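Residue numbers (the working numbering), protein chains in the order written: chain V, 12 to 342; chain S, 12 to 342; chain C, 12 to 342; chain L, 12 to 342.
No lab work stands behind these hints, which were simulated from the structure alone. Since the model is a prediction, treat every value here as computed from it, not as a measurement. Take the hints with a grain of salt, since some may be wrong.
As the list claims (entries may be wrong) - Each computed DSS-like pair below joins lysine-lysine, with the alpha-carbon atoms no more than 30 angstroms apart: (1) V:K189 / C:K189; (2) V:K189 / C:K59; (3) V:K184 / C:K189; (4) C:K59 / L:K291; (5) L:K189 / S:K189; (6) C:K291 / L:K291; (7) S:K291 / V:K286; (8) S:K59 / V:K291; (9) C:K59 / V:K184; (10) L:K189 / C:K291; (11) L:K184 / S:K184; (12) V:K291 / S:K189; (13) V:K59 / S:K291; (14) L:K184 / S:K189; (15) L:K291 / S:K184; (16) L:K286 / C:K291.
4 protein chains.
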Amino acid sequence: MAADGEPPAGLAGIRTDLALEAREFLQVSGAREVPGVGVEEEQVGPVKVTRVHILTAEAERLMGKSRGRYITVECRALRERSREVEEQVSSVVARELRRLLDWSQHPSVFVVGLGNWNATPDALGPRVVDNLLITRHLHTYAPSELAGGLRSVCALAPGVLGLTGIETWEIIKGVADKIRPHVVVAADALAARNLDRVMTTVQLADTGIHPGSGVGNRRVGITQATMGIPVIAVGVPSVVHAVTVAQDTISLLLDQLRQHASLLQIVSQMEEVEKQELIKEVLHPYVGDLMVTPKEVDVQIDQMARVVADGLNMAFHEAIGEERAPHYTGV
Amino acid sequence: MAADGEPPAGLAGIRTDLALEAREFLQVSGAREVPGVGVEEEQVGPVKVTRVHILTAEAERLMGKSRGRYITVECRALRERSREVEEQVSSVVARELRRLLDWSQHPSVFVVGLGNWNATPDALGPRVVDNLLITRHLHTYAPSELAGGLRSVCALAPGVLGLTGIETWEIIKGVADKIRPHVVVAADALAARNLDRVMTTVQLADTGIHPGSGVGNRRVGITQATMGIPVIAVGVPSVVHAVTVAQDTISLLLDQLRQHASLLQIVSQMEEVEKQELIKEVLHPYVGDLMVTPKEVDVQIDQMARVVADGLNMAFHEAIGEERAPHYTGV
Amino acid sequence: MAADGEPPAGLAGIRTDLALEAREFLQVSGAREVPGVGVEEEQVGPVKVTRVHILTAEAERLMGKSRGRYITVECRALRERSREVEEQVSSVVARELRRLLDWSQHPSVFVVGLGNWNATPDALGPRVVDNLLITRHLHTYAPSELAGGLRSVCALAPGVLGLTGIETWEIIKGVADKIRPHVVVAADALAARNLDRVMTTVQLADTGIHPGSGVGNRRVGITQATMGIPVIAVGVPSVVHAVTVAQDTISLLLDQLRQHASLLQIVSQMEEVEKQELIKEVLHPYVGDLMVTPKEVDVQIDQMARVVADGLNMAFHEAIGEERAPHYTGV
Amino acid sequence: MAADGEPPAGLAGIRTDLALEAREFLQVSGAREVPGVGVEEEQVGPVKVTRVHILTAEAERLMGKSRGRYITVECRALRERSREVEEQVSSVVARELRRLLDWSQHPSVFVVGLGNWNATPDALGPRVVDNLLITRHLHTYAPSELAGGLRSVCALAPGVLGLTGIETWEIIKGVADKIRPHVVVAADALAARNLDRVMTTVQLADTGIHPGSGVGNRRVGITQATMGIPVIAVGVPSVVHAVTVAQDTISLLLDQLRQHASLLQIVSQMEEVEKQELIKEVLHPYVGDLMVTPKEVDVQIDQMARVVADGLNMAFHEAIGEERAPHYTGV
């Protein structure tokens with residue numbers, strides 16, 4: 012349903028790809044805890060880990076996210092751009108990836124970097140691929156001891172429909188059918204609701220990438236259903252929809268007005284549709300395609316691509332001690 | 012005053028680098044025509060030209076823009092990306108540049124491409140320089156007949172303070188003092204108030220670039236005062252401040268509420284400061300540095316850089332028939 | 012055989028991807044005309060067209076190129092970088108493409124841009140894809156009248172083994188099996204023998220891309236045999252192997268010495284292997300991976316990618332009059 | 012004299028920017044040790060340091076390099092691209108920079124990245140600037156404790172004459188006169204004679220950059236004479252001139268032939284001019300502008316830019332422990 016851009020009833024108009032934020036939103040709107048949603052939090056130094064588990068069809072509907080496990084790794088300190096912090100986050104990402112899947116059972120990995128390398132906020136996926144340690148060809152062409160300790164990893168940035176004329180999932184499925192990996196890891200740029208999380212957060216999920224999610228708004232999902240093998244999603248929020256900014260402004264303003272008892276009734280009569288009209292007017296002629304990004308987005312995308320790629324490198328290759336992973340970045 | 016980001020009293024919180032929009036805003040807020048501001052409009056095919064002339068100190072204060080001439084060249088059809096339309100706009104830009112300055116009296120031109128090439132929405136200036144026809148060295152090193160019909164043009168993209176550690180104006184002034192051009196042309200990315208104008212508008216001005224204007228918010232201006240020679244500004248709006256979006260949402264919502272007579276008084280009591288608080292809350296933790304851009308910004312910047320550079324090439328070089336100018340683009 | 016870098020006996024050590032040059036070389040070495048090779052020349056303004064047809068197994072062996080048709084479009088004037096010349100060359104490329112294949116029988120085209128976008132001289136293929144008019148998704152998602160006159164074209168730059176860990180042909184075959192186009196067009200950077208042809212020549216062939224050819228030296232071919240559908244190759248020489256430069260130096264020097272009759276016998280005793288040793292010594296430690304490129308290669312690659320892409324756009328889409336094609340470039 | 016591309020008599024036709032290689036060449040051609048040239052060698056793990064000191068006018072003439080100190084830091088292991096090796100080389104570069112200048116006497120540094128960012132082999136300088144830690148603006152705008160331990164560093168990549176129409180030295184001199192630094196550090200791509208040294212070597216010199224040196228062949232030098240303050244040159248060889256390859260081939264071939272006593276006399280009659288003719292013929296139509304580069308040059312330039320920038324960061328800023336420097340790279 013998200014495919015056509017329409018969010019689920021449960022979340023009037025909220026646009027986020029983070030399970031964490033869907034839950035936060037539902038809690039704010041009353042519900043103390045969302046039924047059918049398990050949550051677990053952990054602080055690792057400057058890094059906050061939140062594990063959201065969507066267990067029931069009901070929770071699925073409420074959260075507007077498929078059943079499965081979503082792990083959010085947050086670290087505001089990434090803004091300082093010190094390599095230590097980057098390495099800490101990478102290590103946590105690696106550790107959490109190992110929780111999501113038993114990699115020993117999935118010796119060969121196909122990483123796909125989703126998104127448009129010509130649109131910076133959407134370029135995270137391709138840049139992650141640039142920073143990956145690729146080894147499949149070593150397994151194929153070198154004596155296996157050469158590849159020793161390194162899992163078979165291959166990667167592709169399939170581009171976007173507008174650039175190729177081919178659906179992303181068609182490319183991935185076609186190549187996967189040919190090379191038969193054990194698991195697909197899909198890296199993608201996401202939209203968050205909270206500006207605080209833009210470029211400071213990594214979300215891992217065992218649910219794959221679903222239609223309508225991501226900055227690029229995919230038409231068809233990259234999931235176990237379409238691929239026939241497990242799909243691990245790795246995402247970083249790089250934008251907030253301008254619509255969200257407008258919505259939040261309205262909500263806050265209305266909340267404030269509601270304090271004037273006398274207004275309560277009139278304001279509460281204001282229909283959702285009226286609000287949508289307002290927003291359309293504000294964001295004309297773009298609406299859907301308007302993104303709010305920090306001015307620094309170009310540099311930040313490179314940083315996060317490096318951090319995520321290091322995490323993947325560590326998770327994939329036992330041979331790479333966590334402290335050694337960064338040696339491969341930028342190579 | 013704009014230097015510290017604070018807009019003039021006249022324009023409560025409006026953030027635009029377009030004189031055109033400053034005027035529109037004042038008109039909306041009651042004033043039929045702004046005293047001391049001359050306006051002239053012309054339609055050339057799909058291109059709309061508006062010439063705003065700020066004549067008095069009073070108008071200067073009201074508009075929040077220095078005295079001088081501002082010419083806006085607008086063409087929504089640029090969104091279709093046909094080369095014909097691009098060439099039409101380039102030709103109009105060239106013609107209007109010839110209105111702003113008697114180029115025959117200014118044989119040597121120094122073009123500076125302001126902005127950060129690492130931040131796409133701010134990269135217009137450097138990309139304009141990439142597309143310019145550079146000739147100064149031909150005059151210096153070749154028999155003059157080789158450079159025949161070509162004015163002496165040199166160009167530099169000085170980068171931004173964060174990248175160089177040097178104020179943009181220091182670099183430009185230093186080089187200008189050494190090479191002694193007759194005029195500086197400063198290309199820069201601007202912020203608009205109206206999303207409709209983003210990437211479809213070119214503003215020319217004989218006032219130079221003033222502090223606090225542009226996407227990059229310069230600290231010191233590039234003006235006749237700082238450079239000692241005329242400075243022609245050529246700008247293209249590439250962003251709208253997220254703040255503007257939030258403000259517009261509030262204004263529209265309040266307008267709508269005002270229709271409920273009973274509310275008029277309460278709502279009207281709402282202080283500007285309250286609104287600012289609201290917006291700060293919505294845009295935390297960024298506020299000033301948040302930009303709203305179309306997803307396509309990367310491609311659009313290239314297009315507009317080409318269009319502006321062609322206009323400059325035509326304005327500078329009699330030898331280039333208007334129909335021939337595009338031959339130089341992409342070279 | 013070329014796969015392992017070893018050229019055919021017929022062409023002692025000559026490294027060129029141009030059928031034209033293989034023939035020239037054979038002629039120089041005595042043979043007036045090569046048996047089983049048909050040749051046809053035509054001059055179109057500044058553009059020289061040479062059509063080489065390899066007809067027999069014997070010719071195949073001698074030329075070191077598979078049987079089939081090779082069309083070379085040469086234009087030294089491209090060095091001047093005027094758009095007119097570029098458009099002329101594009102038109103000739105389009106016309107010759109129509110000679111190589113009956114496009115009406117192949118309504119859907121899959122263009123693959125071979126090569127490494129991180130290695131400029133090898134980046135021609137990916138840049139051609141950047142400049143292509145992509146339409147397959149219009150056919151799929153828009154009412155057909157919208158796509159009217161436009162053939163279904165999709166494209167992919169599969170990258171290289173070192174970046175993806177996947178053989179180029181595996182990616183192309185996998186995607187082709189999924190989307191089932193009628194023909195594959197493979198764009199690639201080539202190695203020439205004659206520096207004069209670098210960046211001034213386009214070779215079209217109905218033979219596909221063969222192992223060991225191209226700057227990137229593919230391991231497996233992209234041919235009708237591997238793809239199961241026709242494969243049209245479009246190549247531009249962007250480099251000369253440093254080995255070639257060394258070889259030519261030796262040959263010229265020896266020729267000169269041979270003029271001293273007394274030397275004839277001694278010099279002629281000089282074994283091919285001795286020459287190879289010499290060259291290895293000169294080019295240590297690289298040999299195979301050393302390329303000779305003009306300093307301007309980065310700019311030239313962009314130019315030729317634009318020229319080739321325009322030619323393809325015109326050949327594919329009747330709707331695009333030859334004079335209109337360039338409107339799409341750079342878009 | 013090198014300005015017009017003509018090498019000094021002493022070094023018939025040899026084209027190298029490395030003092031080390033000029034000396035090697037002279038030694039090979041007989042001279043055991045070059046008079047007036049002091050040499051000192053040191054091995055630091057995988058890194059070889061050679062310090063060449065040109066002391067006399069005679070040595071200056073013979074070597075074709077101005078009087079002064081040249082330090083070469085070589086490390087073939089850089090080809091393996093491990094970060095450890097990169098950090099070792101950076102540390103040695105930092106240490107040797109401290110030998111060349113008493114930085115405590117030169118608190119403010121102006122780094123200029125020479126070369127053309129559009130021509131990969133010439134892009135080293137600009138990429139070094141990209142990787143530098145810039146601090147001058149912190150000194151100007153922040154309380155000095157914020158900048159504590161960090162020297163005042165600013166940087167600029169002035170581009171090349173063809174792009175700007177302004178001589179590189181004019182830009183640097185103009186800016187230097189305005190901002191008054193204590194020393195200029197000029198980073199540039201160099202031409203080597205020995206392919207083995209391409210991308211594995213850093214040359215430091217207290218002589219500045221001289222006309223005709225570097226890949227871009229500057230017209231006017233960046234030296235204490237033109238700048239009025241000390242100029243430290245930091246260069247990395249990224250190419251070998253194709254001419255060099257041809258020359259070496261000829262020399263080797265002739266050496267071999269000379270072994271046939273009977274030939275000695277005829278061959279020795281072969282004039283230098285004949286050789287030049289031969290080479291012109293081989294390299295037509297380019298000659299001077301042909302570069303031999305490894306296919307990997309794009310990736311290697313990034314690596315070496317990082318290594319050099321780290322070395323500079325460490326040399327400039329006491330606050331940066333050598334092991335900590337890489338934290339700033341890529342930021």
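Tested hints:
For the suggested pair K189 of chain V and K189 of chain C, the alpha carbons sit about 10 angstroms apart, so the restraint of at most 30 angstroms is met. For a cut-off of 30 angstroms, the pair hint linking K189 of chain V to K59 of chain C is broken: about 42 angstroms separates their Cα positions. Using a Cα cut-off of 30 angstroms, the hinted pair K184 of chain V and K189 of chain C holds, with the two alpha carbons roughly 8 angstroms apart. Distance hint between K59 of chain C and K291 of chain L is fulfilled; the C-alpha atoms sit about 25 angstroms from each other, no more than 30 angstroms.
Among the hinted pairs, K189 of chain L with K189 of chain S is consistent with the structure: their alpha-carbon atoms are about 10 angstroms apart, no more than 30 angstroms. Of the pairs offered as hints, the one joining K291 of chain C and K291 of chain L holds, with about 22 angstroms between alpha carbons and a cut-off of 30 angstroms not exceeded. Under the criterion of a C-alpha separation no larger than 30 angstroms, the hint pairing K291 of chain S with K286 of chain V is consistent with the structure, at around 21 angstroms. Using a Cα cut-off of 30 angstroms, the hinted pair K59 of chain S and K291 of chain V holds, with the two alpha carbons roughly 25 angstroms apart.
Our distance criterion of 30 angstroms between C-alpha atoms is broken by K59 of chain C and K184 of chain V, whose separation comes to about 44 angstroms. Straight-line distance between C-alpha atoms of K189 of chain L and K291 of chain C comes to about 52 angstroms, which puts the hinted pair past the 30 angstroms bound. Annotation: proposed proximity of K184 of chain L to K184 of chain S holds, straight-line Cα distance about 12 angstroms (limit 30 angstroms). Note on K291 of chain V and K189 of chain S: the hinted pairing is violated, with a Cα-Cα distance of about 52 angstroms set against a maximum of 30 angstroms.
A hinted pair counts as satisfied when its Cα atoms are at most 30 angstroms apart, and K59 of chain V with K291 of chain S qualifies at roughly 25 angstroms. Taken as a hint, the K184 of chain L and K189 of chain S pair is honoured in the structure, with Cα atoms around 8 angstroms apart against an allowance of 30 angstroms. Our distance criterion of 30 angstroms between C-alpha atoms is broken by K291 of chain L and K184 of chain S, whose separation comes to about 45 angstroms. Proximity of K286 of chain L to K291 of chain C is assessed by CA-CA distance (about 21 angstroms); at most 30 angstroms being required, the pair is judged to hold.
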